[in-house]
Amino acid sequence: MPQRTVAIASKVGLHARPASIFTQAVSASGVDVTIAKPGGAPMDASSILMVMSMGVGNGEEVVLEAEGPAADRVLDELVELLETDLDAE
Numbered sequence: 831m832p833q834r835t836v837a838i839a840s841k842v843g844l845h846a847r848p849a850s851i852f853t854q855a856v857s858a859s860g861v862d863v864t865i866a867k868p869g870g871a872p873m874d875a876s877s878i879l880m881v882m883s884m885g886v887g888n889g890e891e892v893v894l895e896a897e898g899p900a901a902d903r904v905l906d907e908l909v910e911l912l913e914t915d916l917d918a919e
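The working numbering puts the first residue of the sequence shown at 831, with every later residue one more than the last.
Honestly, the hints are just simulated from the structure, not real lab data.
Hints are supplied without guarantee of correctness; some may be wrong.
[Claimed, not checked] What follows is a set of in silico ranges between Cβ atoms, one per label pair, in the way DEER data are often shown:
#1 831 <-> 917: 15 to 23 angstroms
#2 897 <-> 918: 16 to 24 angstroms
#3 846 <-> 913: 13 to 21 angstroms
#4 899 <-> 846: 16 to 24 angstroms
#5 891 <-> 831: 28 to 36 angstroms
#6 893 <-> 915: 19 to 27 angstroms
#7 877 <-> 835: 30 to 38 angstroms
#8 890 <-> 854: 29 to 37 angstroms
#9 841 <-> 898: 13 to 21 angstroms
#10 842 <-> 899: 17 to 25 angstroms
#11 871 <-> 832: 29 to 37 angstroms
[To be verified] With a straight-line cut-off of 16 angstroms between C-alpha atoms, the simulated EDC-like cross-links for lysine to aspartate or glutamate are:
#12 841 <-> 897
#13 867 <-> 895
#14 841 <-> 874
#15 841 <-> 906
#16 841 <-> 907
#17 867 <-> 902
#18 841 <-> 895
#19 841 <-> 917
Fair warning: this is a prediction, and the values are worked out from it, not measured in the lab.
Note that beta-carbon positions come from the ideal geometry of N, C-alpha and C, so glycine has one too.
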């Protein structure tokens, strides 16, 4: 299963607006994606409640995994999204 590790660029981490943008992108991809802190249990990346409950802050790393024929492309797009400050105007 393809995976990527990415540091969160948003100043507020994966909370509120950045978490919403991220989970919407995951849902729109049509691919099953999980998110976890390194060494942690994978969670459904399309669930805003699960993503926000992780308490991921700015600069912290997360591991994304996806399954399916478009997994690599979707992961690359999600990494690019998380490497952007999604809370910036």
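Structure-based check of each hint:
Our hint of 15 to 23 angstroms for residue 831 and residue 917 is violated, since their Cβ atoms are close to 30 angstroms apart. Remark: the range hint 16 to 24 angstroms for residue 897 to residue 918 is contradicted by a beta-carbon distance near 31 angstroms. For the pair residue 846 and residue 913, the supplied restraint of 13 to 21 angstroms holds, since their beta-carbon distance comes to about 18 angstroms. The supplied range of 16 to 24 angstroms is broken by residue 899 and residue 846, whose beta-carbon atoms lie about 32 angstroms from each other.
Our hint of 28 to 36 angstroms for residue 891 and residue 831 is violated, since their Cβ atoms are close to 18 angstroms apart. A hinted range of 19 to 27 angstroms holds for the C-beta pair residue 893 and residue 915, which are about 20 angstroms apart. With their beta carbons about 20 angstroms apart, residue 877 and residue 835 fall outside the hinted range of 30 to 38 angstroms. Taking the beta carbon of each, residue 890 and residue 854 are about 21 angstroms apart, not inside 29 to 37 angstroms as hinted.
A hinted range of 13 to 21 angstroms for the beta carbons of residue 841 and residue 898 is inconsistent with their spacing of about 32 angstroms. In this structure the supplied range 17 to 25 angstroms is violated for residue 842 paired with residue 899, their Cβ-Cβ distance being about 34 angstroms. The hint said 29 to 37 angstroms for the Cβ distance between residue 871 and residue 832, and at roughly 19 angstroms that hint is violated. Restraint check for residue 841 and residue 897: not satisfied, since their Cα atoms lie roughly 29 angstroms apart, outside the 16 angstroms limit.
Between residue 867 and residue 895, the direct Cα distance comes to roughly 12 angstroms. Compliance with the 16 angstroms bound is thereby established for this hinted pair. With a C-alpha separation of about 23 angstroms, the suggested pair residue 841 and residue 874 falls outside the 16 angstroms cut-off, and the hint is violated. Pair hint residue 841 plus residue 906 does not hold up; C-alpha atoms about 21 angstroms apart against a cutoff of 16 angstroms. Between residue 841 and residue 907 the CA atoms are separated by roughly 20 angstroms; this puts the pair beyond 16 angstroms, and the hint is violated.
Between residue 867 and residue 902, the direct Cα distance comes to roughly 19 angstroms. Violation of the 16 angstroms bound is thereby established for this hinted pair. For the hint pairing residue 841 with residue 895, the CA-to-CA distance comes to about 23 angstroms; that exceeds 16 angstroms, so the pair is violated. A threshold of 16 angstroms between alpha carbons decides the hint, and for residue 841 with residue 917 the separation of about 7 angstroms falls inside it, so the pair holds.
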